[in-house]
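A.B. asks: For the record, the sequence lines run as chains A and B.
Under the working numbering, the first residue of the first sequence carries the number 241, and numbering increases by one thereafter.
Under the working numbering, the first residue of the second sequence carries the number 241, and numbering increases by one thereafter.
Heads up, a few of these hints could be off.
Any copy will do: because identical chains look the same in the list, a pair fits if it lies in one copy or spans two.
Stated by the list, open to error - Derived pair list, reagent style DSSO-like, types lysine-lysine, alpha-carbon separation capped at 30 Å: (1) Lys-336 x Lys-509; (2) Lys-509 x Lys-331; (3) Lys-365 x Lys-440; (4) Lys-509 x Lys-519; (5) Lys-365 x Lys-331; (6) Lys-509 x Lys-439.
Note that these hints are calculated values from the structure, not bench results.
2 protein chains.
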Amino acid sequence: MNRIDIEISEVGPRDGLQSIKSIMPLDAKKAWISAEAACGVPEIEVGSFVPPRLLPQLADTAELVAHARTIDGLVVAALVPNFKGAENAIKAGVHKVTIPLSASETHSMANVNRTHNQMIDEVKKIVALIRTLPPERRPRFEGGISTAFGCTLEGPVPEAKILALASALMEAGCDEVGLSDTTGYATPGHIARLVRAVKKEVGEDRLTGLHLHNTRGLGLANVLAALDQGITTFDASLGGLGGCPFAPGASGNIVTEDLVFMLDAMGLKTGINLEELLKVRTILAEALPDEDLFGFVPEAGLPKGYPDGYVFQRHP
Amino acid sequence: MNRIDIEISEVGPRDGLQSIKSIMPLDAKKAWISAEAACGVPEIEVGSFVPPRLLPQLADTAELVAHARTIDGLVVAALVPNFKGAENAIKAGVHKVTIPLSASETHSMANVNRTHNQMIDEVKKIVALIRTLPPERRPRFEGGISTAFGCTLEGPVPEAKILALASALMEAGCDEVGLSDTTGYATPGHIARLVRAVKKEVGEDRLTGLHLHNTRGLGLANVLAALDQGITTFDASLGGLGGCPFAPGASGNIVTEDLVFMLDAMGLKTGINLEELLKVRTILAEALPDEDLFGFVPEAGLPKGYPDGYVFQRHP
Chain A
241 MNRIDIEISE VGPRDGLQSI KSIMPLDAKK AWISAEAACG VPEIEVGSFV PPRLLPQLAD
301 TAELVAHART IDGLVVAALV PNFKGAENAI KAGVHKVTIP LSASETHSMA NVNRTHNQMI
361 DEVKKIVALI RTLPPERRPR FEGGISTAFG CTLEGPVPEA KILALASALM EAGCDEVGLS
421 DTTGYATPGH IARLVRAVKK EVGEDRLTGL HLHNTRGLGL ANVLAALDQG ITTFDASLGG
481 LGGCPFAPGA SGNIVTEDLV FMLDAMGLKT GINLEELLKV RTILAEALPD EDLFGFVPEA
541 GLPKGYPDGY VFQRHP
Chain B
241 MNRIDIEISE VGPRDGLQSI KSIMPLDAKK AWISAEAACG VPEIEVGSFV PPRLLPQLAD
301 TAELVAHART IDGLVVAALV PNFKGAENAI KAGVHKVTIP LSASETHSMA NVNRTHNQMI
361 DEVKKIVALI RTLPPERRPR FEGGISTAFG CTLEGPVPEA KILALASALM EAGCDEVGLS
421 DTTGYATPGH IARLVRAVKK EVGEDRLTGL HLHNTRGLGL ANVLAALDQG ITTFDASLGG
481 LGGCPFAPGA SGNIVTEDLV FMLDAMGLKT GINLEELLKV RTILAEALPD EDLFGFVPEA
541 GLPKGYPDGY VFQRHP
């Protein structure tokens, strides 16, 4: 396997699909996951273990985990809202489990009807479950702090609250924490400051990943700011699929294609073949004819003669 | 006047309007320029002194210069393709003249039917003309190197060629050089490298401005990379109006609103009131009903409680 500098985690099958009305057929999802993995995408969040009545779009997550696990070398990730979800995710055989903990308690109550303390209790139960497993079967367990850069309900979220939650997640037994710009409020200075502060709080190697949105057009600028702080994992969604259903027109996750283009051009290896990745959009376009796909690079095309003559590192 | 860290030059009335089919009525252009100046935009490129048969959209540039010059404190800029244009621009009374010099000779021939040497000769004639004026009436004269980051016709442009052109422009008597990512090919590493190299070639204070496009979604990431290299002036276009007519769907200039949002949130003063600026879009929407306006911040809105609690500098 080639060297990878920056790990891209494709979250379209989870964050993209949960945000749209259309339900993607299981076979198309499998084809999507297989195609992205074939392009070199190292990790895919294939779904979320939530009750099907809440998110019918993701009802087949267990089947997708089974499928994705047949792909050599792919890290199969899933989101879980609670202990029950984690139980199902582990039963299905995921390699990585992420539980979102909303920094805004108002948002946490609205989203999962649980206070911070109740969420930390869930985390502890999940950790206890994972520790019953033989080491080789234990998934990596991430606590993802959502609305970390501000909340559409509460507004600014104090840094002290993020640090307290990050500590609580680590003390409860998570392997790592992540920060999610759920609302698209993050800006480069905020990224720099919060990443530094959280790394200082929990340890340099315990915050490696960010989940960024492009809601206000700063997604890739935020990535750049995060790279300067040593972040090495970014979530992204093919075609920018999805986004916040409560902000119509506002785009959602950063676009995988655009992110790969930027990193490639900076000489940062992602292991992903961009030209092949661009072709995977066809699977989405065909399976989701009613949904918009985003992305600047797909629209404009690659520069003439790319990549030869276009790879420039930022630092001399 | 308040401190300004970063100067934004609004180029929509020139680069935006030259790239669309609709012709904006003179009164609407005047209203647009006045409204942006009232928001605190310090410099506006009001048009281009080209023959009206080539760009009928910009036929009223001289009248716009006259109008804009009545606005206290506003720097009134215009583009000129050649000596004749510069003569007219100076007669009209602009504060700043920019002549584009395409780094790609193929593009230069296609665009203005002149070789590099012929363009440098034009520059020299313009400099001679400017030096006949009393010092207080001399406009600032910038040589803007276009297709500096790659050309849709030639592909990659060697750095040595850019450095040679930058030197030639300075030797011909320009006050400063600028770099234009005409094709939207620039990436953060390329920005860092080329800005460093050109500053080294012509002097730190002779390259202060960039003209960036968002064609591949990297516009604001490129701004961030440029800020790290000491760039202090950025062109931008309200509503991202225009863009390259030969790349349909690909967005054009970076969006003024999104740029102001990013800089504001980083604690970098632009002197521009963003909430007022967002209202100026109405003038464009009403005067150009057939044209698309872009911009993520306008679409998504400002964060709840912005700007309080959202201003974070990137460096500690």
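A.B. asks: The structure should be examined with respect to each hint, and the outcome stated for every one.
C.D. replies: Structure-based check of each hint:
Taking identical chains as interchangeable, the C-alpha atoms of Lys-336 and Lys-509 lie at most 30 Å apart only when both belong to the same chain, with a minimum of 22 Å there against 43 Å between chains. For a Cα distance limit of 30 Å, the shortest separation of Lys-509 from Lys-331 qualifies neither inside one copy, at 33 Å, nor across copies, at 53 Å. Taking CA atoms no more than 30 Å apart as the test, Lys-365 paired with Lys-440 passes inside one copy only; the shortest distance there is 26 Å, against 59 Å between copies. In this assembly of identical chains, the alpha carbons of Lys-509 and Lys-519 lie at most 30 Å apart only when taken from the same copy (20 Å versus 42 Å across copies).
Proximity of Lys-365 to Lys-331 under the C-alpha cut-off of 30 Å is restricted to the intra-copy arrangement: shortest distance 15 Å within a copy versus 78 Å between copies. For the homomeric pair Lys-509 and Lys-439, the shortest alpha-carbon distances inside one copy (23 Å) and between copies (29 Å) are both at most 30 Å.
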